[in-house]
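Student: Each chain, letter by letter, is given below.
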Amino acid sequence: MLEAFVSGLLDVFAYPTFLLMLLGIAVGFVVGILPGIGSPGAMAIMLPFIFAMKPVEAFAFLLGMYAVTATTGDITSILFGVPGEVVSAATIIDGHPMAKHGEAGRALGAALMSSLVGAIIGAFTLAAAIPVVTPLVLSFKSPEFLALGLLGIAFLAALSGENKLKGVLAGGMGLVLAMVGLDPQENIERYTFGLVGLWEGVGLVAALVGLFAIPEIVDLWVKGTSIAETQVGKLGGVWQGIKDTFIHLGITFRCSMIGTFFGLVPGVSGALSQWVSYGHAVQSASDKSRFGKGDVRGVLGPGAANNSGVGAAMIPTIAFGVPGSATTAILLGAFMIQGLQPGPKILTEKLSLIFSMVWLIVVSNIITVIMCLIFLNQLAKITLIRGSLLIPALLTLVFLGGYADTNSYLALAITLAFGVVGLVMVQQGWPRPPMVLGLVLGPLIERNLFISYEVYRFGFLLRPIVLVILVIAIAVLFLPNIQEWTARRNALREEAVVANEE
Amino acid sequence: MSRTRNDILISAFLVLLLVWVVWEARSWPYRTRLFPWAIGFPVLALAMIQFGLACWKAIRERSYVDAVHIHAEPVEQADGGRSGHQVRLEVPTGKEAGAGLDPKLERQRTISISAWTLAFALGFWLFGFKVGSLLLSLGFLRLQAHESWKMSVSYGLGIYLFFLVAFELALGAPLPPGVIATSLGLQSFDWYLVSPILNIILGR
Amino acid sequence: MKKKLWCLAVVLASFAASASAATVEDFYKGKTIRIVVGFGPGGATDTNARLLQRVLSKHIPGNPTIVVENKPGGGSLLAANTVYTTEPRDGTVIASFSSHLVVNQALDAPGVRFDAAKYQWIASAFDSSAMCAVRTDSAVTRIEDIMGDRGKEVVVSSFGKGGLSHIEPVVFNAVFGARFKVITGYPGGAGQRLAVKNSEVQGFCTTFETIKTLEPGMFEGPAACCKVIIIAGADVEEHRFLRGVPAAEKLAEKLGKSKDDLAMLRAMNAPNRISLPVAMAPGVSEERVDAMRRAFQKAYADLDFQAAAKKMNMDLQPKTGVEVSRIVQELLSTPKPVLARLKELIQ
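Chains as they are written, first to last, in the working numbering: chain A, 1 to 502; chain B, 1 to 204; chain C, 1 to 347.
No wet-lab data here; the hints were simulated from the structure.
Every residue gets a Cβ at the ideal spot worked out from N, C-alpha and C, and that includes glycine.
Straight-line C-alpha distance at most 16 Å; calculated EDC-like pairs for lysine to aspartate or glutamate:
1. Lys-345/A <-> Glu-220/C
2. Lys-288/A <-> Glu-162/A
3. Lys-181/C <-> Glu-454/A
4. Lys-31/C <-> Glu-168/B
Computed beta-carbon distance windows for the label pairs:
5. Pro-196/B <-> Val-420/A: 39 to 49 Å
6. Ala-109/C <-> Leu-461/A: 32 to 42 Å
7. Glu-323/C <-> Leu-186/B: 29 to 39 Å
8. Asp-260/C <-> Arg-26/B: 32 to 42 Å
9. Phe-193/A <-> His-146/B: 36 to 46 Å
10. Leu-53/B <-> Leu-461/A: 28 to 38 Å
11. Trp-23/B <-> Arg-457/A: 25 to 35 Å
12. Phe-458/A <-> Lys-254/C: 37 to 47 Å
Please work from the sequences and hints to get the whole structure.
Tutor: Right, dumping it as structure tokens:
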């Protein structure tokens with residue numbers, strides 16, 4: 001075990017593995033910054049190049065690319081409000097307002113450092129968990145997936161901000177939108193207007209870029225300024241962001257664990273864990289007033305979660321052949337191309353390769369963060385360019401991002417439609433995160449509800465892991481009320497004390 | 001007031017939409033229908049509550065206005081559709097911040113950028129990403145943002161070249177040519193111009 | 001023997017090729033050919049296309065650039081529709097979609113906007129067969145154990161009603177009185193098989209090619225959990241996973257099933273015999289289609305390609321465009337009452 005751990009590390013630094021990783025990082029950096037194209041597109045294009053490589057070289061190349069895109073996605077989210085990757089949408093909620101306040105440097109520093117910490121925690125948790133990971137993954141069946149979906153629903157309120165009714169309604173609309181397409185059980189068209197392009201749903205990428213990026217572009221033009229509306233001192237603040245990661249180490253750590261856990265669950269992608277960790281960051285904060293307006297904790301949570309899941313997500317992918325996202329699907333393809341059979345025995349027979357992958361994720365994250373830190377001030381200066389010059393490039397990126405996910409023109413219309421929805425929601429003070437959460441959770445809940453019932457009838461509710469998750473969900477639902485209640489009682493007590501003193 | 005009015009309109013729209021959602025499901029088989037109803041009806045109820053609340057708020061505001069004999073205008077400005085931009089309200093009003101924008105100008109600018117967003121989407125559909133982004137960047141910068149010709153042209157060409165070099169040449173991932181070129185049976189609009197030049201450069 | 005014939009065919013084809021190559025070569029020179037793949041990157045269809053992408057160009061006159069474009073949607077129906085209806089018909093677009101869409105057309109399923117009989121089929125990669133497997137701890141060892149009124153019920157996972165993972169068990173149920181209980185809604189083939197591995201269900205149905213390439217670990221080695229109990233077709237291929245497994249058509253004959261039952265078994269299995277097909281829209285000129293058919297034949301025989309395929313555990317049995325067309329025609333001319341019954345079964 002330990003031997004594999006060390007030899008895995010040594011393999012990373014061998015020639016040409018290390019060089020290929022650097023090449024992967026470089027490619028990932030350039031294409032990863034384009035929304036939608038992001039990692040899946042770039043990696044798919046690179047697949048034919050790996051035929052001639054050895055396994056560890058191929059993964060150095062691909063994981064180098066993947067690790068970067070998980071981080072560069074956060075950069076576009078913060079700077080432009082354009083989600084660079086599906087997994088970095090939650091970073092927008094607080095990261096972009098920070099950029100508008102002239103705190104782009106701080107937000108980027110926080111995102112990068114929390115990504116790094118997340119990646120390291122995730123990788124080492126994974127390494128430690130390898131002996132028990134097979135039974136753990138196999139204990140997750142349909143009822144457990146369903147319970148996780150319901151846990152996600154419990155976070156709707158936490159993501160709703162001040163107006164809970166609007167938030168929950170937005171979440172409900174997300175669930176309704178998630179029904180567009182063929183239903184998972186009977187394969188019958190629902191709300192598709194006869195368009196085959198809608199059979200597999202509205203498309204998360206198009207929905208995300210429309211919902212988040214288009215309102216920001218409109219706002220940028222209406223204001224007639226640069227993205228940073230105020231120039232608070234110097235742009236920097238990068239150090240502040242890095243320090244924030246360690247000031248709020250609790251959030252960073254817990255969200256890394258959330259990311260790792262969700263990564264391990266087969267077929268559940270980072271698209272869910274980022275919102276759960278964002279919700280957790282909000283809930284665990286005593287002062288929630290700054291969330292959604294530029295609270296650094298809202299950047300740290302998702303930043304840590306989406307990178308910590310990268311390593312963990314490899315387990316269901318290669319040990320069980322169940323990829324949780326477009327990117328891991330390609331990594332699985334790469335695995336096959338390398339002549340490796342996915343299966344639990346990979347965890348025992350190819351342990352050194354697994355550890356190489358873990359190390360690759362850690363090392364390429366470190367390199368990426370160092371590279372980003374060097375260029376960060378230049379990157380943050382983008383927020384000072386006048387808005388009118390950014391708009392054509394941003395509009396191009398937004399529509400290209402929406403299009404590239406499915407390569408169909410219909411995606412342009414979907415992006416546009418979600419842009420209108422997003423615009424109205426922003427103008428009228430409706431929170432957007434619950435809608436995205438609903439969109440992500442809908443299929444997970446519907447599929448597994450039916451399967452759970454058909455296989456177990458109502459017995460599925462009594463499975464131990466299901467019960468644990470449901471208890472957590474109930475805690476998540478009622479924790480805010482309890483917090484509020486204790487806060488009110490404390491306040492009353494303090495008042496009483498003050499009154500007594502007087 | 002206008003925000004309250006918009007809230008009424010939106011929640012009314014949601015109510016109608018959700019009625020359609022549950023109505024559509026009526027003839028589907030049980031397992032197809034269950035989820036649309038299990039989600040649809042509660043969300044419909046929420047939307048109705050939201051609609052009721054918005055109406056109630058409107059009635060209260062009106063009676064408040066009547067009672068204190070304040071002209072409706074100032075109220076409209078105080079609450080006028082802008083509190084959605086909580087972020088902006090937090091920003092100290094300075095020369096760069098848009099907080100001081102006059103609502104009329106704001107509406108005008110919202111309409112123009114929305115039109116351009118639509119134009120970009122249409123442009124990409126008709127002309128593809130390479131030619132579309134060239135034309136639309138040029139158009140937007142020159143006509144709307146009143147940038148110099150030099151800036152507009154070099155910007156448009158810059159995006160075009162980025163697509164050409166990064167996507168088509170380096171990655172080997174051609175971008176869609178747009179429906180016009182496709183329906184004319186052309187590989188793309190710019191291909192006939194670019195390919196001879198490329199052949200010379202690459203020595204083919 | 002089969003392989004030798006195949007090589008001979010390739011050699012003959014390449015002689016014939018030189019005749020009409022001139023104009024085709026002029027056309028393809030400097031052009032880009034897109035392989036429009038109906039699924040997202042990473043899966044079997046995509047990987048096959050990208051494997052071909054590496055070797056295809058040198059076998060097409062004029063050596064055009066080959067790119068792979070993923071156009072996922074509707075289980076590849078979107079790609080099949082788009083290439084048939086809107087993409088240029090000059091020979092620069094190749095569609096790669098699921099052969100099961102031909103069944104959809106035969107059953108008048110919604111959304112099909114092409115006629116598989118008019119699609120110009122170029123080639124297919126695998127000649128496989130539908131099969132069902134059960135967990136070894138399920139107390140079922142033979143198909144006979146689950147047949148008839150006293151047979152045990154076996155719960156199997158499926159990832160899409162009407163698709164291959166669903167149509168196989170229901171047809172076996174209808175023909176043999178087997179008692180597969182199908183649970184639909186699993187997310188994709190990977191999700192379907194995960195449910196077997198974690199013993200949420202007791203079995204699954206897929207193509208034999210899928211388990212040979214992707215899941216041999218489920219049938220041998222330390223994590224082996226399953227056993228094949230029936231395979232479609234008239235003969236059983238020589239393979240260690242298939243010892244003693246009955247061929248469905250043989251079994252049906254032995255049990256004296258009707259002609260219609262046999263026709264239904266054949267129709268159900270036809271798409272698997274032309275797995276991973278590629279096609280060009282009607283209207284593409286004959287000489288370009290011919291050139292492309294030859295190019296694919298040569299690409300599949302390319303040593304580079306074969307080495308890559310072998311590394312991936314893929315057991316290729318490519319078919320020529322003409323053979324694919326024949327199987328498609330056969331499937332489409334299945335007697336109407338049989339198709340009607342099939343349609344009823346999957347509803």
